Structures are given as structure tokens and as C-alpha cells.
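We have chain A; now place chain B onto it with these hints.
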Amino acid sequence: MTDTHVAATGTAAAAPPPGPPRNPALARAALLLLRGRTLVVLVLLVIFFSAVSSEYLTQSNLILMTKHVAINAILAIGVTFVILTGGIDLSVGSIAGLASMVGGGLLFTGLAVPGGTVFFSVAVVIVIGILVGALVGAVNGVLVTRFKVAPFIATLGMLYVARGIAQLISNGGTFPDLAGTPERGNQGFHVIGVDSWLGIPVAVWIMIVVAAAAIVVTTKTPFGRRVFAVGGNERAAVLSGIRVNRIKIAVYVISGCCAALAGLLLTSELGAAYPDTATTYELNAIAAAVLGGTALSGGRGTIIGTVMGAFVIGFLSDGLVLIGVSTFWQSVVKGAVIIFAVVTEQAQQRLQAGLSKRTA
Amino acid sequence: MEILEAHHISKNYGGVRALKDVTFTAYRGKVNVLVGENGAGKSTLMKILSGSEQPTAGDILLDGEPVVLASPRDAMARGIGIIHQELSLFPNLSIAENMFAGRELRRGRRFVDAAAQRRRARAVLARLGQEHLDPDTLVGELPIGQQQLVEIGRALLEDVRVLIMDEPTSALSNHEVDVLFDVMADLREQDVTVIYISHKLDEFRRIGDWVTVLRDGGLVAHESMSRTDTAWIVRQMVGRDPDSLYVRNSSAVGDLLLDVRGLTVPGPARPLVDDVSLTVRAGEVVGVYGLMGAGRTELVESLMGMRPAAAGEVRVRGRLEPKGTVQARMAAGLALVPEDRQRDGLVQTMSVGDNILLATVGRLTRGGLLRGDAEQRAAAGKIRELAIKVPGLAAVVTALSGGNQQKVVLARALLTEPVVLLLDEPTRGIDVGAKAQIAALMADLAVQGFGVLFISSELAEVTAMADRVLVMARGRITAEFSAADVTEEALVTASASDIVLEDRS
Chain A
1 MTDTHVAATG TAAAAPPPGP PRNPALARAA LLLLRGRTLV VLVLLVIFFS AVSSEYLTQS
61 NLILMTKHVA INAILAIGVT FVILTGGIDL SVGSIAGLAS MVGGGLLFTG LAVPGGTVFF
121 SVAVVIVIGI LVGALVGAVN GVLVTRFKVA PFIATLGMLY VARGIAQLIS NGGTFPDLAG
181 TPERGNQGFH VIGVDSWLGI PVAVWIMIVV AAAAIVVTTK TPFGRRVFAV GGNERAAVLS
241 GIRVNRIKIA VYVISGCCAA LAGLLLTSEL GAAYPDTATT YELNAIAAAV LGGTALSGGR
301 GTIIGTVMGA FVIGFLSDGL VLIGVSTFWQ SVVKGAVIIF AVVTEQAQQR LQAGLSKRTA
Chain B
1 MEILEAHHIS KNYGGVRALK DVTFTAYRGK VNVLVGENGA GKSTLMKILS GSEQPTAGDI
61 LLDGEPVVLA SPRDAMARGI GIIHQELSLF PNLSIAENMF AGRELRRGRR FVDAAAQRRR
121 ARAVLARLGQ EHLDPDTLVG ELPIGQQQLV EIGRALLEDV RVLIMDEPTS ALSNHEVDVL
181 FDVMADLREQ DVTVIYISHK LDEFRRIGDW VTVLRDGGLV AHESMSRTDT AWIVRQMVGR
241 DPDSLYVRNS SAVGDLLLDV RGLTVPGPAR PLVDDVSLTV RAGEVVGVYG LMGAGRTELV
301 ESLMGMRPAA AGEVRVRGRL EPKGTVQARM AAGLALVPED RQRDGLVQTM SVGDNILLAT
361 VGRLTRGGLL RGDAEQRAAA GKIRELAIKV PGLAAVVTAL SGGNQQKVVL ARALLTEPVV
421 LLLDEPTRGI DVGAKAQIAA LMADLAVQGF GVLFISSELA EVTAMADRVL VMARGRITAE
481 FSAADVTEEA LVTASASDIV LEDRS
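Chains A and B, in that order, give the protein sequences. Mapping to this note's numbering: the first sequence position 19 is 19, numbers consecutive. Mapping to this note's numbering: the second sequence position 424 is 424, numbers consecutive.
Please keep in mind that the hints were generated in silico from the structure rather than gathered at the bench. Since this is a predicted model, take the numbers as computed values, not measurements. Just so you know, not all the hints are guaranteed correct.
[What the hints assert, rightly or not] Selected chain B positions facing chain A (Cβ under 7 Å, derived; list incomplete): (1) Val326; (2) Gln327; (3) Arg343; (4) Asp344; (5) Gly345; (6) Val347; (7) Thr349; (8) Met350; (9) Leu358; (10) Ala359; (11) Val361; (12) Gly362; (13) Leu370.
Glycine included, every Cβ here is placed at the ideal spot set by N, Cα and C.
One chain only, chain A, in its complex shape (with noise of 0.2 Å):
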């Protein structure tokens, strides 16, 4: 890859040729076209199901739509950051299911300290929130690093725990009602899931946010930089200088405090807090991010590409719910897009890796 940290050329479609004009052209369009391949699925999805559905391309659906993509996005920009660095984060679902299960008891029981019980404004439980998610983060890294603990099992753990946490709060029940009262001035949870700005949802407008600033901190920083320096090879990272030990834990704690924010809009767009709150979203969101071209083994990524893979999976399941696919066939035909995307990735590594050996 010659622009692996390039966000903004690694799958859009207008990336620039990846080489010396003397390279042969066929192979460049290959190339091109499997570089941007996440927007022509995602193209080539709307085509066809708004050619099976008139109702696919209506404003209502695209909201809808746009809304649950949004969610899974912050999960998967997170989990990116964790992947760069060549961990895995399998507890962001609990993670989201967690700080959905604070905020909710936070709005509605309040917290209970000796003499009452106190109430916090809406801003200040969605930051409690996101705190609790970096601090989960934290924990994460802290086992990552410190116990050297893979980082499959440190998160796999994590998704148990945390989850098990949000269930302990309510003993598995639900807090119904967040709408807050005036007396206990904590109205307005519902801004952020449920209202639109401009005609569109807030919490796609966060999305875009969340979005705008990881693609600034994985392509203009010297963080961005050294993450990607540590997924690619960490010794190097290490002899380079790099604290190896604080880039992991700070990339958990991203991923920590995404996975909070995600779940806040969810619970804010229910209107209600349960401790199964996006439980397996995890899968959704590792899956965008492979979808979107970053790899596994670390080091190669963009978060434009996440965001691409987070679309198609979203635009994809509302489009098959929609077209009225059975949810057991809907699981199929995710499965095979998410491995159709690995087997694509493959092909594009051998032509790049062609195409550079000729330019040398």
C-alpha cells in the first residue's frame, strides 16, 4: 500500500492512479475499482433495491437507514483504531449495552448519595457515559499491555464482565422513561437519537463529527502515525522511539469511549434503557471495519473505509428487511459480503504489491 494512511484515497472511488503512468492500464482499473470497491457495493446495493422497492429510496427510509449505519459507524471507528494497532476490541457491544445502562439509571433513578438523591443534567450523563466507556477502555489496554493478556481474550473477557455489569445495575430490568422532568432539570435525552438538524438526524450529524475527527487523528497526527506504526511492525514502533504500551491503551480508550457514545444514541432513540442494549453489535462493527478494507493483522486501514463498511452493512440489512427476506436469509447474504470483501482485499494486496515490484 502506498497510501495506507491516506484515509482519504483508500477506498473512494477517486483515489489516485498508485503508480507511474507506464504501469499497464487494465491493471489499474482493476486496481482502481478494487480500491473503491466498497462504494460500488454500495451503489450497486442501492440500484437494486430501489429497482425491487419503491420505498427504499424515500427520505423516511434513507433517515431511518442513515440512523442505524450512523451507530454502528461509531462502533466501527473506534474498533479501527484497536485493529491498526493489531489488537481486536470484542467488547464494544458491552461496552455500549454499559454506558446505555448509566445513562439510563442516571436519568432516570438518579444517584443515589447519603441525604437523597441527586440528578445530573443531560449533558453531563452523556459524559459520565463516555467516561465510563473510556474507562472500560482503559482496563482493556491496562490488560493488553501490562499482562500482556491477546487481546481477544482480554476484550472477550471484558464483553462478559461489562455486560454483566449493566445487568447488575438494574438487575436485568429496564428504565423505561427518559424524557426527564423539569425539577430535576434533566430533559432532553432525546436531542441526540431522535431529533434531526438541517433534515437530518443529530446523531448522524455525530456520526460525521466522530468521523471527521479520526480521519484528522489517523492522517495529520504523529499519533494517527505511530498507531498505524505499531500495527505494522511493533518492534520497529518500539526501536523508533514509540511508548508501544501507551498507544495501545490510548487506542482502547478511543474505542472505549465510542462504543459509550454509540450506545447513548441508541438508548436515546428507544427512549429506554435495557441491559441487552446492542448486544453482538460487536460483530457489526469489526465487520465494517474489514469490509472497509482495514486488516486484521494491523497497520492498513482507513477510517473513510470504515465508515463505506458500515453503510453497506446497514443499507444492506434495512434492504433485505425491507424487500421482506427472511432474517435467516439476511444472515447468509451478510456473511458471504463480509467474506466476498476479505477475498477482494487479497486480490488487491497481490496486484498492488505487482504493480509496485514493476515501478521499483
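Using the frame of chain A, we list chain B on its own:
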């Protein structure tokens, strides 16, 4: 008498001619040495002779008959075996299981006849003079030299008449090389023809009967070993005189830059680095010679903060550096170019530019964001300075040749603005031309006032390049020579010595 001949062989890969009309002859019952720089076409020729590649033009003659070697299996069936540079053994399987991997002896149709395998493995080990090895030993538990012998044993099982060995000694200790050469001599007695590819001039001259030199895909010389000398072979390989290869630094020695006292790095059995003291001054090129496992790499890794030291003091420019982290040592003015570029040096997924800037990326920011223009300038400046041949800053780093990859790692080290450069086998795995360039760079750096400490396993290199040579053995410094009184014999003796050099001043 000729047993295997390659007649006017050419091989093209796409538009690249890897071999141009090469005729190579292997004589029966002799050790036929094939030498050449990296990229000279040795490996391609061997792939053709062992059946894994087909020539674009030309014939292969076995016992004077033209043959087509369609696959490695086909070549094996005709008695041509090959041992690759990288061992292809299963560390989790036993010696016998490794020898029969993929062609297990059967009892009935489905079951492995372990007893028969063990019996035949033992017989082959005896033929290699390794009667003491138990065929049930796991290969992973053997030292690398014995693993090499297991690989040879695997080839011998097939009644091999021609054995091709591709740089078999690159990972071996001197003693292991001796054992391997004894085995090769025995094989020669048993009328086995050996084709031996090597870089190590001093080694193959001991064992070879004939030498063939390739350069740039073409045949340049084919001669009986007894009618050649080392200088003649190097001349054939590079097309010029070997004395012009290395440049000695001639600058005056300045301030004391690096002062190490009593450095000890703990190891499992004995200290990996044992009470080592050394100094490097400005403008000085200090060589560290020693065998593999002598503790040289551990020494520089510890200096660089990658391995914790149990005892000792490190002073850089007179200041004590108690904190043994990579960041602290880098800030103090040390920089390490590691021995294994692929493992410790390069980030393969990143571009040339990003690799060069990796250690200093934090300095090129404005408001927390990277300054693309400053990055371009810094990287391009080093590329010019070190004459790195690259298609562009955005090129994949793995597309570069070994010598240019080494320069990329060196460029990264230099950007950290060190005062002392630690170079671990800086010329390993790069061809002779690139070696000369790296050597010239090191001399040049010394002239600029850097202190240079480099590790080398090549006698010719240390004697020619170092102002001062330290010899390490078993974690300790066993000798020190100045450029004036260093001899290759003295280095070899000291590298096998157990005597610790005391009271150096």
C-alpha cells in the same frame, strides 16, 4: 567428470532477464561453489536446477542426457536435492517425523510406520556423524546447526546424487560450520556431488573444489579453486579490486562521546553481556567482532534501552544516563540501526517517507497536526544525503533493495540527531556494491564528528573499516586492537577465547 550441466540457460521474469546464457557445470563427487552478489542470479539458477522454475531457454543435462525437471519432486526423483537458506522444518515434530514429513513410511495403507522411520532416520544420522542424536528429539530443541543437518538428512534419505545447498552456514557458529564441512567432505567421499552457494569467501575456499562466479545474471568465471585466491574471486564478483571496497575513516579523534562501564545484561544461564566497558570518541569508528551468540547484539540493544541492564553505567557526552528506556537513550544522543531490518527496522506496511520520519514524527507538527511540507523536506533531504534510490517518498518500503532499505533505517536514526550511532551488522544481507556505500557512509559520519560503534561478523570488514576493534566472546570483551595491529588471525583467536581482557585504559 560432469554430472549436472546447465547449458546456455536464460530466464526471463516479465521483462527482467534474471539469467543470460549461463553455462554451469557441476563435477561429480566434488564441491562446486557458486558465488555472486545478491541479484547475480544464483538463486534463479538453483531453482532451475532443482525443478522449481523452468528456464526460458537452454538445456539441462544430467549424466550427459538432456532432462526436463518439471517440479522439485521430479528433480528429487532424479537424485537432485536442495537445502534452502531458510530451514523448512517443523519445530514441533521429531527428527524422524521431519525427515519423513510428506512421505511417511506406511504400515498397511493408512498408518505411519514410526519404528521404520526411526530406524532409517538413525541410519542417516549416523551417515552424518550424528549417532548421538535421538530421532525422537523435537527439532525445535536442537541448535540451528543440527537442524541444518536434519535438513541434509532429509535430502539424503532420497538417495540424492546432487545436493544443492543455498547459503547453509549463514546462521551457524564456527564450530557448527566445521561439523557441516566435515559432513560435506564425507558426502564427497560417498560420491555425492555438492553445489554450494555462499557469500563467505573465507569459508568456501576451505571446502570448494570448483568455483563459478555469476554477475548480473551472466557467467563471469569458472575455475578450479586451487587456481584462485580471495582477491581474484572478489574481483570477479564486483568487477573491481576489493581494496577499494572499504573506506577507512581518517578523521582525528575528538571528545569522549560514549563511556560504558561494567555493563551487565542478565541471561538465562550466564549474563548475555558480562561486565563490559568501552568508549567511543567523536570521529572514531569502533568495530565489535565476535561469533554469533557472543552478546554483541544484546550489548547494543541494552545501550539503546531495549534490554534492561542489571548493572553498569552509561555516560553519553559525559552525562550519566541512568534511565534505560529507548526514549531516554534516544534523547541522550544514541541511535541504533538494528541487525534484522525486516524484524526490527522497517514498518513494512508504511511508505518510504513514513519509515524515515517514524522516530521524529512528533517534531514536525504545528498545532498538533503534522506539517506535510516539513515532512517532505526532512525525508527528501535525508534521501538526497544518503543517496537512497527510491521511486518516491510514497513508494512501498518493501519494494526497495536491501541496501536502500538499510539506508532508510539509517536515515531514520540520523534524523533523531544522535551523537553516537550503533550499527548492528550494517552490511548484512546486502550486496557488495551496497556494502561499499554503507562503509563510505560510516567513514563519512565519523568525519562529521559522530561516534560510530558497529558490529560485524566479517573479518575483512572490521579489519578494513574500524579504527579500533573490540572482540566479544561469551558476553565479555576478550581483546582490543587498534587498526595498526589488528590481524584476522588475532581476531579469530580472541573470539574463541575465554580470557577476559583486564585493565584496558
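Taking the closest Cβ pair, is Gly362 (chain B) under 7 Å from chain A?
holds, 4 Å
Hey, does the Val361 (chain B) contact hint survive, CB to chain A under 7 Å?
holds, 4 Å
Holds or violated: is there a CB of chain A closer than 7 Å to the CB of Val347 (chain B)?
Result: holds, 4 Å to nearest chain A Cβ.
Interface hint outcome for Leu358 (chain B) [beta carbon to chain A under 7 Å]
Status holds, d = 4 Å.
Supplied contact hint for Thr349 (chain B), tested at 7 Å Cβ to chain A:
holds, 4 Å
Less than 7 Å between beta-carbons is the criterion; does Val326 (chain B) satisfy it with respect to chain A?
Result: holds, 5 Å to nearest chain A Cβ.
Report holds or violated for the interface hint on Asp344 (chain B), using the least CB-CB distance to chain A and a cut-off of 7 Å.
holds, 5 Å
Given a cut of 7 Å on the nearest C-beta pair, is the interface hint for Gly345 (chain B) held or broken against chain A?
holds, 6 Å
Against chain A, is Arg343 (chain B) within 7 Å by beta-carbon distance?
holds, 6 Å
Measuring from the C-beta of Ala359 (chain B) to each C-beta in chain A, is the shortest one below 7 Å?
OK, holds: Ala359 (chain B) within 7 Å of chain A, min 4 Å.
With 7 Å as the cut and Cβ atoms as the points, is Gln327 (chain B) at the interface with chain A?
holds, 5 Å
Agreement of hint Leu370 (chain B) with chain A interface, Cβ distance less than 7 Å:
Holds - the Cβ of Leu370 (chain B) comes within 7 Å of chain A, reaching about 5 Å at its closest.
Consistency with the previously given hints is maintained throughout, with no hint failing.
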